[in-house]
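Asks: So the chains spell out like this:
Number of protein chains: 2
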Amino acid sequence: MTGSLILGGGGMIGQKLAAHLQATDPDTPLTLHDIAFPPKGMPGVTGDVSQPGIMQALAKKRFDTIYHLASVVSGEAEADFTKGWQTNLHPMLALLEGLRLEHTASGGTYRPKVIFTSSIAVFGGPFPEVIPDDYATSPQSSYGAQKVACEILLQDYARKGFIDGLSLRLPTICVRPGKPNLAASSFFSGIIREPLNGQEAALPVPDTVRHWFASPRAAVGFLAHAARIDTSQLNGHRALNLPGVTCTVAEQIEALRQVAGAKVADLIVPKPDPDVAALIARWPEAFTATRAKTLGFRAEDSFADIIQTYIADEMSSE
Amino acid sequence: MTGSLILGGGGMIGQKLAAHLQATDPDTPLTLHDIAFPPKGMPGVTGDVSQPGIMQALAKKRFDTIYHLASVVSGEAEADFTKGWQTNLHPMLALLEGLRLEHTASGGTYRPKVIFTSSIAVFGGPFPEVIPDDYATSPQSSYGAQKVACEILLQDYARKGFIDGLSLRLPTICVRPGKPNLAASSFFSGIIREPLNGQEAALPVPDTVRHWFASPRAAVGFLAHAARIDTSQLNGHRALNLPGVTCTVAEQIEALRQVAGAKVADLIVPKPDPDVAALIARWPEAFTATRAKTLGFRAEDSFADIIQTYIADEMSSE
Numbered sequence: 469m470t471g472s473l474i475l476g477g478g479g480m481i482g483q484k485l486a487a488h489l490q491a492t493d494p495d496t497p498l499t500l501h502d503i504a505f506p507p508k509g510m511p512g513v514t515g516d517v518s519q520p521g522i523m524q525a526l527a528k529k530r531f532d533t534i535y536h537l538a539s540v541v542s543g544e545a546e547a548d549f550t551k552g553w554q555t556n557l558h559p560m561l562a563l564l565e566g567l568r569l570e571h572t573a574s575g576g577t578y579r580p581k582v583i584f585t586s587s588i589a590v591f592g593g594p595f596p597e598v599i600p601d602d603y604a605t606s607p608q609s610s611y612g613a614q615k616v617a618c619e620i621l622l623q624d625y626a627r628k629g630f631i632d633g634l635s636l637r638l639p640t641i642c643v644r645p646g647k648p649n650l651a652a653s654s655f656f657s658g659i660i661r662e663p664l665n666g667q668e669a670a671l672p673v674p675d676t677v678r679h680w681f682a683s684p685r686a687a688v689g690f691l692a693h694a695a696r697i698d699t700s701q702l703n704g705h706r707a708l709n710l711p712g713v714t715c716t717v718a719e720q721i722e723a724l725r726q727v728a729g730a731k732v733a734d735l736i737v738p739k740p741d742p743d744v745a746a747l748i749a750r751w752p753e754a755f756t757a758t759r760a761k762t763l764g765f766r767a768e769d770s771f772a773d774i775i776q777t778y779i780a781d782e783m784s785s786e
Numbered sequence: 469m470t471g472s473l474i475l476g477g478g479g480m481i482g483q484k485l486a487a488h489l490q491a492t493d494p495d496t497p498l499t500l501h502d503i504a505f506p507p508k509g510m511p512g513v514t515g516d517v518s519q520p521g522i523m524q525a526l527a528k529k530r531f532d533t534i535y536h537l538a539s540v541v542s543g544e545a546e547a548d549f550t551k552g553w554q555t556n557l558h559p560m561l562a563l564l565e566g567l568r569l570e571h572t573a574s575g576g577t578y579r580p581k582v583i584f585t586s587s588i589a590v591f592g593g594p595f596p597e598v599i600p601d602d603y604a605t606s607p608q609s610s611y612g613a614q615k616v617a618c619e620i621l622l623q624d625y626a627r628k629g630f631i632d633g634l635s636l637r638l639p640t641i642c643v644r645p646g647k648p649n650l651a652a653s654s655f656f657s658g659i660i661r662e663p664l665n666g667q668e669a670a671l672p673v674p675d676t677v678r679h680w681f682a683s684p685r686a687a688v689g690f691l692a693h694a695a696r697i698d699t700s701q702l703n704g705h706r707a708l709n710l711p712g713v714t715c716t717v718a719e720q721i722e723a724l725r726q727v728a729g730a731k732v733a734d735l736i737v738p739k740p741d742p743d744v745a746a747l748i749a750r751w752p753e754a755f756t757a758t759r760a761k762t763l764g765f766r767a768e769d770s771f772a773d774i775i776q777t778y779i780a781d782e783m784s785s786e
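Protein sequence lines correspond, in order, to chains A and B. Per the working numbering, the first sequence starts with residue 469, numbered consecutively. Per the working numbering, the second sequence starts with residue 469, numbered consecutively.
Hints may be right or wrong, so weigh each one.
Calculated cross-link-like contacts (lysine-lysine; reagent style PhoX-like; alpha-carbon spacing at most 25 Å) [unchecked claim]:
no.	chain 1	residue 1	chain 2	residue 2
1	B	551	A	628
2	A	551	B	628
3	A	528	B	551
A few chain A residues that face chain B, going by a derived Cβ cut-off under 10 Å, partial list only [to be verified]:
no.	residue
4	594
5	602
6	609
7	620
8	623
9	676
Simulated from the structure, these hints should not be mistaken for lab results. We treat Cβ as the ideally placed atom computed from N, Cα and C, and that holds for glycine.
Kindly generate the complete structure, drawing on both the sequences and the hints.
Replies: Set out below in structure tokens:
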């Protein structure tokens, strides 16, 4: 029993997941790994997953559960093709191979649970209005392509019994606390977070854009739930579209107006960015997420709930 | 203009494609590459695509068109996990990286067409009766997983403009000439070929099994057609489900009876093999193949046609 590992444990979701696991299951040792950690956050092991030997060394520690959240974000993977593939695919190959060798060395008794954070960017439009669970993955971004490739690898290593696990196709996580990041989806959080903090926020796309959201708190819930479920229920299909809230940017803004008032909502300023708009144009709008709901995964019911979650989790202690 | 390269040029389809290209386009230089070549067949360069440096060296030759047929077959990829991934994924990574470097070195003018032979094994059941073009890939074999991973890589390198190309999800090719191979699907050809040659053939699955077929001649037609089409018509979705014939094993046997008589069909002997049956049970039965048909890809109309093609192409000169 060597406990749990969070790859990408220094990131926003990684830190929240770590806090949740420590609060709910304090007896299980927890190791965080990332290229850097926030100054006031929970500390961990510093390392670059794309460097040779790092994943093999981690595999040797035989963690019971590995949450794999380490990733270059979508905008950066698109801008730096080589870095994207080197960070978002090759470490997964190395990790799975390392775990397979440990499985074999253990005489088949070691079979860790690997929970991989995939993304709805695995899909590429044009789409049906609501995407069913058996809809084709055909990514139109390097980030999405890297996520599919990892899902496929995880599924085959799991099918062979070397590991157990599943891939979670997260909705766009919103409202992210902190600063904007290089993800193309960053503005979806920015247009809520900045106005709530009294600052102007740029809106790079038309307000008719519709998308699929869940809060950071819901994301932590997905990961914790994934660690508990019996994967034999997945019937060999180990990638899940997760539940979320579908709404347009106009509906996001209206929810902000209702929760925080017109003065706050008026801080959103249209500032069209054709590059972001082009990338977002082929992103999905809504999912049935039937399988995941049946398996007990839960998200918010409305975008107003998502805003309230942000206020409760991020603004109340300030 | 350095012509065309066939990776896997020593294989059954590779040899037929080479003969077709030489007959229809004799002025384009043609290079065949494979780990081995048939004694009386068309010769080529001998090499193992999974060895370091081989793909990089081939990329440096700047072929205009690369037909990538080199693969460990399904049964072997399932039996030898490491060999399967080393042969069916890693050479594709090396090839695409090599071609990207040539693209960059050429100042962006070199952009070869890469035609990759994928497979309907990218799908994993349970299925709808007829699989639509936007149906999810969720492979239940290592072979299928390796094919999806290559499709995803090809699509992303093509989306970025480093290469042009597409992936062809071939139906099960039937009737294969020659001897049985290690593909789990080998018996679908065996139960036609062996009886036509006066020999008994083992049937490892129930005759209610339904599957999706095209002849070797149709496969060569798919590849040659893929080299000609304008890929902008693919709208960024570069993997195609190809047309074929859907029929049950019972219908295969009935077609054989009609074409060659009861004495021939009676040479088929049921010999259940649970391993083969388990693998086949989650293979697809039929496809709409709407996109491919619209793009001009053509297969046979009936299984009797497929048998007649085998007799015409393989038995008339003997």
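Asks: Tell me if the interface restraint on residue 620 of chain A is satisfied: Cβ within less than 10 Å of some Cβ in chain B.
Replies: 5 Å, holds
Asks: Going by Cβ atoms only, is residue 676 of chain A closer than 10 Å to chain B?
Replies: 22 Å, violated
Asks: Do the alpha carbons of residue 551 of chain B and residue 628 of chain A lie within 25 Å of each other, as the hint requires?
Replies: This hinted pair holds, its Cα atoms lying about 14 Å apart.
Asks: Taking the closest Cβ pair, is residue 602 of chain A under 10 Å from chain B?
Replies: Status holds, d = 5 Å.
Asks: Could you check if residue 623 of chain A really has its C-beta closer than 10 Å to a C-beta on chain B?
Replies: 7 Å, holds
Asks: Holds or violated: are the alpha carbons of residue 528 of chain A and residue 551 of chain B at most 25 Å from each other?
Replies: 23 Å, holds
Asks: Go through the hint on residue 594 of chain A and say holds or violated, using the shortest Cβ distance to chain B against 10 Å.
Replies: 8 Å, holds
Asks: Is the hint on residue 609 of chain A kept, meaning its closest Cβ partner in chain B is under 10 Å away?
Replies: Nearest chain B Cβ about 8 Å off; hint holds.
Asks: Does the alpha-carbon distance linking residue 551 of chain A and residue 628 of chain B stay inside the 25 Å limit?
Replies: It holds: about 14 Å lies between the C-alpha atoms, which stays within 25 Å.
When the structure is compared with the earlier hints, a violation turns up for hint 9 alone.
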